[in-house]
Structure formats: C-alpha cells, structure tokens
Amino acid sequence: MNKHFQYVLRMGDNALILGQRMSEWCGHSPFLEEDIAMANCALDHVGRARMLLTHAGTLEDKGRTEDDLAFLRDEREFFNFLICELPIGDYAFTLMRQYLLDAYHFHLYSRLQKSSDSVLAAIAAKAIKETTYHVRRSGDWVVKLGDGSDESHRRMQDALEEVWGYTGELFAVDEVDDYASRKEIGPDPEALRLDWERDVFDKLRTATLSIPDEVWPISGGRKGVHTEAMGGLLAEMQFLQRSHPGLNW
Amino acid sequence: MSETEILRLLECVHDPEIPALSIEDLGVLRSARVTDNAVEVVITPTYSGCPAMDVIEADIVECLNSNGFRDVLVTTRLAPAWTTEWLTEKGREILKKSGIAPPSRCGNADFSVNKIIECPMCDSKSVELLSQFGTTACKALYRCQKCLEPFDYFKCH
Ligand SMILES: [Zn+2]
Chain A
1 MNKHFQYVLR MGDNALILGQ RMSEWCGHSP FLEEDIAMAN CALDHVGRAR
51 MLLTHAGTLE DKGRTEDDLA FLRDEREFFN FLICELPIGD YAFTLMRQYL
101 LDAYHFHLYS RLQKSSDSVL AAIAAKAIKE TTYHVRRSGD WVVKLGDGSD
151 ESHRRMQDAL EEVWGYTGEL FAVDEVDDYA SRKEIGPDPE ALRLDWERDV
201 FDKLRTATLS IPDEVWPISG GRKGVHTEAM GGLLAEMQFL QRSHPGLNW
Chain B
1 MSETEILRLL ECVHDPEIPA LSIEDLGVLR SARVTDNAVE VVITPTYSGC
51 PAMDVIEADI VECLNSNGFR DVLVTTRLAP AWTTEWLTEK GREILKKSGI
101 APPSRCGNAD FSVNKIIECP MCDSKSVELL SQFGTTACKA LYRCQKCLEP
151 FDYFKCH
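Chains as they are written, first to last, in the numbering used here: chain A, 1 to 249; chain B, 1 to 157.
If you are wondering where the hints come from, they were derived from the structure by calculation, not from laboratory data.
A portion of the hints provided could be inaccurate.
[As the list claims (entries may be wrong)] For lysine-lysine, the following BS3-like pairs were computed, each having C-alpha atoms within a straight-line distance of at most 27 Å:
no. : chain 1 : residue 1 : chain 2 : residue 2
1   : B       : K115      : A       : K203
2   : B       : K97       : B       : K125
3   : B       : K125      : B       : K115
4   : A       : K144      : B       : K115
5   : A       : K203      : A       : K3
Given only the sequences and the hints, what does the whole structure look like? Please build it.
Right under this line is the structure:
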C-alpha cells in the first residue's frame with residue numbers, strides 16, 4: 001500500500017472515529033453549554049476527517065471519495081488509534097480521553113503546518129486553531145474536576161487509569177511513520193511524545209491526579225485490529241449508506 | 001463580464017448562519033473568473049466542519065445560474081487558511097448589529113487569547129465568559145455584567 005496514503009488515511013480515521021464518538025453526547029451532556037461545546041468540537045473533528053479523507057482518496061488515486069472511505073470500508077480497513085473508538089463512558093472518561101487527544105493533536109498539527117505535503121500543511125493550519133480552543137477547554141475541565149470534589153477526583157483518576165494504556169499507541173513507530181518522518185510529511189513521533197508528556201504530566205499534576213505506573217500498552221488500531229466497541233460504532237455510522245447506497249442530502 | 005461584476009452579483013449570497021452577513025463580508029469569497037460562458041468562483045472555508053460551506057456553495061451556483069451562467073464551478077482553496085482578520089469592516093458592523101460581538105483584532109500571534117470584548121448591546125467592557133463554545137463552533141458565549149444580556153462572541157481564528 002502507498003505509505004503516504006496510509007499516513008493520511010490513519011489521521012483521517014482518527015478524526016472521523018473520535019468525532020463520531022463525541023457526537024454521541026449530543027443531547028445527553030450534563031448541561032446545555034457543555035452539550036453545545038461537545039457537539040461543536042465533534043463537528044471540528046468530522047470536518048477535519050472530510051478534508052483528510054478527501055486528500056487520502058486523491059493520494060490513493062483509485063477514485064475513492066471521502067464518503068466511500070468513511071462509509072464503505074469494513075472494520076479491518078480502519079486504522080484509527082484504539083483510544084478514539086472506546087465507548088464514551090461517563091463524562092469523566094470522555095473528558096480525560098478528550099484532553100489526552102487534544103494535547104496530542106495540538107503538537108501534531110503544530111508540526112504538520114510545516115509538512116512537505118502542502119495539502120496536509122493547509123489542513124493543519126486550520127486544525128491547529130480549532131485544537132487550541134479544544135485543548136484549553138478539555139484541560140480546564142481536567143483541572144476543575146481532578147482538583148474538585150472527592151467524587152469528581154475519584155472519577156477522573158479512574159478514567160485516567162482506564163485510558164492510560166491506550167496512549168502508547170499514539171507514539172508507536174512503524175514503516176508508515178518512518179516513511180512520513182523521513183519525507184518530512186509528518187513529525188518525528190519521539191519528539192512529539194516528549195512534548196505531549198511534558199504538557200500532560202504538568203496538567204495532571206495541577207489536577208492533583210497521579211500518573212499511572214507503566215502499564216501494558218494496548219494497541220492494534222493501526223493494523224486494523226480493533227476493540228469490541230468498533231463494530232457497533234461503524235454499524236451506527238454506516239447504516240444509512242449501507243442500506244441506501246449512494247444516498248445524498 | 002469582469003471579476004468585479006461577478007463579485008457584485010455574489011453580494012446576494014449570505015452566510016446561512018448569520019443571514020445579515022454576505023460571503024464577501026465574511027471573507028470567504030476569494031476570487032471569480034469568467035471564461036466564455038463559464039464562471040469559476042474560489043472560496044476558502046471558515047472552519048473545517050462548518051456546515052454552512054455546503055449551503056454557500058449551492059447558493060453561489062444558484063445565484064449565478066439565475067443570472068445566466070449555466071456552467072459554474074466552485075473551487076475550495078484551503079491555503080492560506082481563512083482568518084477572522086478577513087472579515088470586512090462592514091462585516092464587523094453587521095455582526096455587532098446582529099447582537100454578536102465581532103472578534104478582537106488579534107493578528108496571528110496568540111490569536112486564541114481573548115482581548116477586550118465589548119457587549120454588542122451596551123458597549124460595556126465588563127463581560128464574563130459563560131462557555132468557550134456558543135451557538136456555533138466559531139462563537140463563545142459571554143454575558144454582559146452591566147446590562148446582564150448574554151451574547152455570542154465571534155472567536156478569533
Ligand atoms: Zn451590555
């Protein structure tokens with residue numbers, strides 16, 4: 001498979017699957033302002049997914065559109081990080097996952113603005129502004145709830161323990177990442193990890209949360225091997241296009 | 001027809017989410033080019049997931065179709081990325097009249113740090129943030145501490 005295509009496709013899949021998960025809160029968040037904020041952030045991710053998947057389709061050069069890639073692939077053909085597909089859980093889990101990924105996206109898209117792939121650089125220039133607002137919001141919540149009541153602290157700590165094992169995958173390196181960083185399409189994953197850890201450790205300390213000990217890393221998404229939760233997500237997301245192929249607005 | 005005349009025709013295309021604002025005032029409309037009987041219009045999207053962009057594209061086609069141009073091509077250009085600096089002076093006034101505080105003049109450095117925000121109703125600078133996301137992703141929700149009116153603030157991007 002074309003490595004450049006694969007690199008962009010993975011990024012598109014992360015945006016799409018995370019955006020789909022976040023959108024599940026629409027109408028169900030704890031209060032109105034939060035509901036609106038969550039839905040708006042979800043929209044930013046889905047919008048990003050559209051641009052990334054369109055670009056991936058161009059790179060692949062087999063005539064697949066953003067819709068083909070989003071709605072007509074099976075589970076094993078999706079390459080998102082597992083952390084994106086995990087069920088929304090309680091609001092503590094959602095916010096913790098959100099913060100860890102927002103911090104990751106902040107450093108990723110900052111660097112991608114200098115990508116040798118000019119389309120990717122343009123997408124990143126747009127995405128970084130959105131993510132700057134995202135990470136500020138989710139980071140504020142992590143501190144407010146971590147350093148909040150006994151219950152909110154306990155829930156945030158539980159959420160952190162639960163999700164932590166999935167963060168290793170964000171910085172794993174295989175031949176696709178290697179290719180991307182050699183061609184200066186994407187950043188060096190190790191440098192990205194150092195920046196992410198610095199921000200995240202700092203934020204978690206401010207939130208009075210304890211950073212989990214080394215845990216067994218859980219991975220597989222980038223090989224197309226997913227958690228049990230992925231099938232249900234795809235069934236809901238793809239239902240309309242699968243039952244009415246080619247349906248349009 | 002010249003580019004200027006095409007752009008004038010397109011003044012009737014407005015942002016579906018802030019209907020008082022034309023796409024020219026919003027800074028989304030970048031250029032137009034006429035070749036024989038076809039027109040190419042270039043737009044730059046405001047936000048990655050802005051649902052208004054599809055509507056705007058359809059409205060551009062419809063507007064030009066009804067003015068006799070049968071072949072209309074709307075091209076989306078991503079770079080340079082749209083910024084709130086592209087809102088025209090008229091656009092900023094329209095926002096304020098619609099009860100939306102226009103974005104602070106931010107330049108590109110530390111664009112997300114909120115500068116002075118004025119209540120669009122009474123011009124008071126004493127305002128408080130209610131939510132970082134308002135009725136759409138591009139806005140934040142504030143409340144004026146003087147007239148107590150809640151209002152949307154168009155965030156810097
Ligand atoms: Zn006021």
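How the hints compare with the structure:
The hinted pair formed by B/K115 and A/K203 meets the criterion: a straight-line CA distance of about 24 Å does not exceed 27 Å. For the suggested pair B/K97 and B/K125, the alpha carbons sit about 17 Å apart, so the restraint of at most 27 Å is met. For the given pair, B/K125 sits about 10 Å from B/K115 by alpha-carbon distance, which is consistent with the 27 Å threshold. Restraint check for A/K144 and B/K115: the C-alpha separation of about 23 Å stays at or below 27 Å, so the hint holds.
A distance of roughly 35 Å separates the Cα atoms of A/K203 and A/K3; the hinted pair therefore is violated under the 27 Å criterion.
Checked against the numbered hints given earlier, the structure breaks only hint 5 and satisfies all the rest.
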